Amino acid sequence: MDARLNAFLERAESVLARLEPLLPAPRPHIDWNTTLAARWQRDGRSGYLLPLDVSLDIRLSDLIGVDKQRDQLGRNTHQFINGLPANHALLWGSRGTGKSSLVRALLAEHASAGLRLIEIERDHLADLPRVVEQLHKLAQRFILFCDDLSFEAGEGDYRVLKSVLDGSLEQAPDNVLLYATSNRRHLVPEKQSDNENWKMVDGELHPNEAVEDKIALSDRFGLWLSFYPFTQEHFLDVVEHWIGQLARPAGLAWQRDEALEILAVRWATGRGNRNGRCAYQFARYWVGLQLLEQK
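Just so you know, the working numbering puts 52 at position 52 of the sequence shown, and the rest follows in order with no gaps.
Please keep in mind that the hints were generated in silico from the structure rather than gathered at the bench.
Do not rely on the hints blindly, as some may be mistaken.
Distance windows between CB atoms, simulated [claimed, not checked]:
| no. | residue 1 | residue 2 | range |
| --- | --- | --- | --- |
| 1 | 219 | 29 | 34 to 42 Å |
| 2 | 219 | 74 | 17 to 25 Å |
| 3 | 263 | 95 | 40 to 48 Å |
| 4 | 31 | 6 | 41 to 49 Å |
| 5 | 32 | 270 | 40 to 48 Å |
| 6 | 18 | 237 | 46 to 54 Å |
| 7 | 44 | 263 | 26 to 34 Å |
Nothing here was measured: the structure is a model prediction, and the numbers come from that model.
Even glycine gets a Cβ: it sits at the ideal position worked out from N, Cα and C.
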């Protein structure tokens with residue numbers, strides 16, 4: 001009898017070992033008093049919030065040359081944290097100009113006041129009702145953050161997303177706000193053919209339905225903030241800031257001069273862009289090189 005029981009248990013353990021990789025992973029419990037950010041993780045037909053260990057090393061003062069955008073989104077976020085009416089925000093413009101960094105800097109600024117960040121991918125925005133449901137009645141204030149929200153020509157998902165945003169955002173509790181970034185002001189590209197059927201009605205110019213349909217997605221956001229390509233002087237100011245930030249802890253003495261500026265401009269030219277991300281990368285390269293040469 002004991003031999004048969006042992007054989008059965010061994011077989012059961014073997015079956016469980018083969019089944020275990022197919023079972024969903026245990027859902028982590030989130031303590032929002034200590035967790036500052038999470039990501040919506042799709043799991044089959046459902047999903048869950050995965051806590052993230054985020055770094056709060058970027059500050060609002062690190063964002064050089066975007067004072068107007070920083071102040072506007074800062075005011076909107078401050079209203080939200082204080083339980084006052086605030087708008088969903090779309091940050092659009094050139095890549096690497098500080099759109100995502102601004103949102104993360106606001107988390108660092110207001111985390112102690114109860115602000116929390118939840119990242120959600122564009123392809124998972126259909127799960128918004130499920131995400132919002134989990135945040136209802138919590139004491140913290142949540143920004144749902146969708147980075148790089150845009151659609152390519154021919155994609156019809158934006159129509160589904162538009163209806164989801166309508167329903168989810170209108171019924172969202174007052175502790176939830178959506179911030180999104182995009183390289184486009186209008187999240188869906190417009191074709192020349194879309195503009196062929198504009199018409200005049202009583203002296204007013206009216207767009208056709210295709211244009212109205214595409215613009216309507218961006219209209220879900222009450223606050224639009226534009227980020228423009230850096231001028232050369234703006235780029236060099238950002239380089240100077242980041243070199244200062246990186247050099248100070250290492251005790252590196254340096255000064256901004258013409259030779260440094262030439263190197264920075266060449267670095268940006270070689271990459272085909274002149275933005276904050278490129279400035280930060282050059283600063284890391286240059287400071288690292290100086291410290292290496294001192295050894």
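Beta-carbon spacing of residue 31 to residue 6 - inside the hinted bounds 41 to 49 Å or not
Holds - the Cβ-Cβ distance for residue 31 and residue 6, about 43 Å, lies within 41 to 49 Å.
Between residue 219 and residue 29, is the Cβ distance one that fits in 34 to 42 Å?
holds (38 Å)
The hint says 26 to 34 Å between residue 44 and residue 263; measuring C-beta to C-beta, is that right?
violated (51 Å)
So the hint says 40 to 48 Å: do the beta-carbon atoms of residue 32 and residue 270 match that?
holds (44 Å)
Go ahead and decide if the range 40 to 48 Å is satisfied by the Cβ distance of residue 263 to residue 95.
violated (22 Å)
Mind checking the hinted window 46 to 54 Å against the Cβ distance between residue 18 and residue 237?
60 Å Cβ-Cβ, so the 46 to 54 Å window is violated.
Starting from the range 17 to 25 Å, see whether the pair residue 219 and residue 74 falls in it by beta-carbon distance.
holds (23 Å)
When each numbered hint is compared with the structure, violations occur for hints 3, 6 and 7.
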